[in-house]
Amino acid sequence: MTLKVERAGPALSVQDGGREGLLGLGLSRGGAADRGAWLEGLALLGLPPGTASIEMAGVGGRFLVEAPVRIALTGAQMKATLDGAPLEWDAGHVATAGSVLDIGAAVSGVYGYLTVAGGIATEPELGGRGFHGIAGLGRPLRDGDHLPLASDPTPDAPPMRLSGRSRSAEPLRVMPGPQTASFPDEVRTAFEAATFTRSPRANRQGVRLDHDGAPFATGGQLTLVSDFIAEGDIQMTGDGAPYVLLADCQTMGGYPRIGTVLPADLPRIAQAGPGEALRFRFVTVDEATAAWESDETILGRLRRGLVPRVRDPREMSDLLSYDLVDRPPREVTGE
Amino acid sequence: MSDGPDLLPLGPDGLLLRFSDRLGDAPNRAAIAFRAAFDETAPEGVVETATSLTSVFVRFHPDRIARADVETAVRTTLDSRDWSDADLPAGRSLWTLPAAFGGAEGPDLEEAADLAGLTPEEAVRQICEVPLRVLALGFAPGQPYLGFLSETWNIPRRTEVTPRVPRGAVVVAVRQVIPFANAAPTGWRQVGRTAFRCHDPKADPAIPLRPGDEVRFRPAAPSDLARLETEPFGGATREALA
Chain R
-4 MTLKVERAGP ALSVQDGGRE GLLGLGLSRG GAADRGAWLE GLALLGLPPG
46 TASIEMAGVG GRFLVEAPVR IALTGAQMKA TLDGAPLEWD AGHVATAGSV
96 LDIGAAVSGV YGYLTVAGGI ATEPELGGRG FHGIAGLGRP LRDGDHLPLA
146 SDPTPDAPPM RLSGRSRSAE PLRVMPGPQT ASFPDEVRTA FEAATFTRSP
196 RANRQGVRLD HDGAPFATGG QLTLVSDFIA EGDIQMTGDG APYVLLADCQ
246 TMGGYPRIGT VLPADLPRIA QAGPGEALRF RFVTVDEATA AWESDETILG
296 RLRRGLVPRV RDPREMSDLL SYDLVDRPPR EVTGE
Chain W
-16 MSDGPDLLPL GPDGLLLRFS DRLGDAPNRA AIAFRAAFDE TAPEGVVETA
34 TSLTSVFVRF HPDRIARADV ETAVRTTLDS RDWSDADLPA GRSLWTLPAA
84 FGGAEGPDLE EAADLAGLTP EEAVRQICEV PLRVLALGFA PGQPYLGFLS
134 ETWNIPRRTE VTPRVPRGAV VVAVRQVIPF ANAAPTGWRQ VGRTAFRCHD
184 PKADPAIPLR PGDEVRFRPA APSDLARLET EPFGGATREA LA
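Here the protein sequences come in this chain order: R and W.
Every letter in the first sequence is one number past the one before it in our numbering, and letter 142, counting from 1, is 137.
Every letter in the second sequence is one number past the one before it in our numbering, and letter 184, counting from 1, is 167.
Don't take each hint at face value.
Far from chain R, some chain W residues (derived; all Cβ distances over 10 Å) [said to hold, decoys possible]:
no. : residue
1   : 33
2   : 76
3   : 79
4   : 86
5   : 146
6   : 197
7   : 210
8   : 212
9   : 225
For each label pair, taking beta carbons as the anchor points, the in silico distance ranges come out as [as the list claims (entries may be wrong)]:
no. : chain 1 : residue 1 : chain 2 : residue 2 : range
10  : R       : 187       : W       : 28        : 28 to 34 Å
11  : W       : 137       : R       : 162       : 50 to 56 Å
12  : R       : 95        : W       : 188       : 38 to 44 Å
13  : R       : 165       : W       : 201       : 22 to 28 Å
14  : R       : 100       : W       : 223       : 44 to 50 Å
Worth flagging that the hints you see were computed from the coordinates, not collected in a lab.
Note that the Cβ used here is the ideal one computed from N, Cα and C, for glycine as well.
The shape of chain R in the complex, shown without the other chains (with noise of 0.2 Å):
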């Protein structure tokens, strides 16, 4: 079974948890660029972790559906279409065979996902399926692509949606790292009182984030051996401008950083609308351990916050072909 690409937006591709133990080969984990909302859209299926989804940039794309599949769409809220009749974000849905998903521009953030159940099955590539540009792993989507489906675990499960989404607003949490102390006090400080937006100049490597106060010192630090990056490293370029590292980053680095945003938080700034204010707070190494949660406990947690999603009948065009009156549901009668 596949899944056809009619349209593929300029920033389509196949993402999923990245590719984890390879740091020393010279391979950053990758994958999804909103780790959190690409387990949103496993939770709402029912998918395993792991599991390979369409993460789009910006715009979707339109999607030929070639058997019946059900579907999840998460992250970036993009204006979506099944066969012409819009659909919930963060949500479940069930997309019946010769059906066309029209997924348009986001409404809000940057990278909206497209959850297919069971997951894309494109051959892995070094224990992956993501594509990871800077490492020449994997290409983005393209027209006319078909993508392998791996089968539905659970073809007859109701659909579901994500019970509300709180947006925090509060300063995002950064841990010291390797470098932290060699950043002056007041450069510490300041960085913590500065307000910043998420530069044009983005990509699933890293954010540029720009603000309205001096450059960021970065002393005498630029002679420095290139030692490891952590993905949400906030690294201060010889401009003094900062850089947060996102999951393509590359393995090492020489410009200083001057702490490491908790994978909690990464997302708002991957996400992050024009204009967003962002602002920093330094957490403890405890704090910051403490609040790692793997992939297994995100997913756990989300899948027990999900509700029914109730079809809301105008949206239904098929609905003179439910019998309403007349026979118990099929669940009743185990047809």
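Knowing the structure of chain R, use the given hints to seat chain W on it.
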């Protein structure tokens, strides 16, 4: 910053054991040797170790082991010997990589040789003379930083970046040599080109080199490169190091 090993947090699920914040032979050897020893006794919950030029990274799952317990395990291995004179671990390989030097395949050879105070012929001879250690892999999957050439090769990077060198470009700077994994911009000087691929999805293993392996370049004719590209590992050969 001190010269001794520092144990530092790197992300909520990682820590970095940094033998030095300056590049050198001793901290690189220490990192590679330490990692091999730590892997033998790593506690449950440690999920990945890796070496950079002078550091060891240890990643763990905080829901399976406390950071303090990982730190204790690292310190126990650290205190078990003097790592600055440790032997490199067993199981390493010596790779011989054919490469064409100078001319169209090495447009910056003369400039690099001049900066090193050598003739182009002598420069190629020195680059191919001794095995160079894989100090670390990075920048692109499987791409090695090879070192160290003699002190005369302590030549700086260019201030102007070359917009694009091809995959397989052999570049030099600061006593190191890199065969490029992919076409990329660089401030290093291209002295040659090899058919060896640092990451080849069709090869087994797809990423052939490991930190601590040794690489010796063998001069090849430019006209040989096309044929070498059809051979396994671009004509590179591998032998076990004792």
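Tested hints:
1. 33: violated, 3 Å
2. 76: Answer for residue 76 of chain W: holds, closest chain R Cβ roughly 14 Å.
3. 79: The claim holds: residue 79 of chain W sits with its nearest Cβ about 21 Å from chain R, beyond 10 Å.
4. 86: Residue 86 of chain W clear of chain R: closest Cβ-Cβ about 27 Å, beyond 10 Å.
5. 146: Nearest chain R Cβ is 16 Å from residue 146 of chain W, so the label holds.
6. 197: Non-interface label on residue 197 of chain W holds, nearest chain R Cβ at 17 Å vs cutoff 10 Å.
7. 210: Per Cβ check, residue 210 of chain W is outside 10 Å of chain R; nearest 24 Å; holds.
8. 212: holds, 17 Å
9. 225: holds, 23 Å
10. R:187 <-> W:28: 28 to 34 Å: holds, 32 Å
11. W:137 <-> R:162: 50 to 56 Å: Cβ of residue 137 of chain W to Cβ of residue 162 of chain R: about 53 Å, so the range 50 to 56 Å holds.
12. R:95 <-> W:188: 38 to 44 Å: Holds, since residue 95 of chain R and residue 188 of chain W (Cβ atoms, about 43 Å apart) stay within the stated range.
13. R:165 <-> W:201: 22 to 28 Å: violated, 59 Å
14. R:100 <-> W:223: 44 to 50 Å: violated, 56 Å
Consistency with the previously given hints fails for numbers 1, 13, 14, ordered from lowest to highest.
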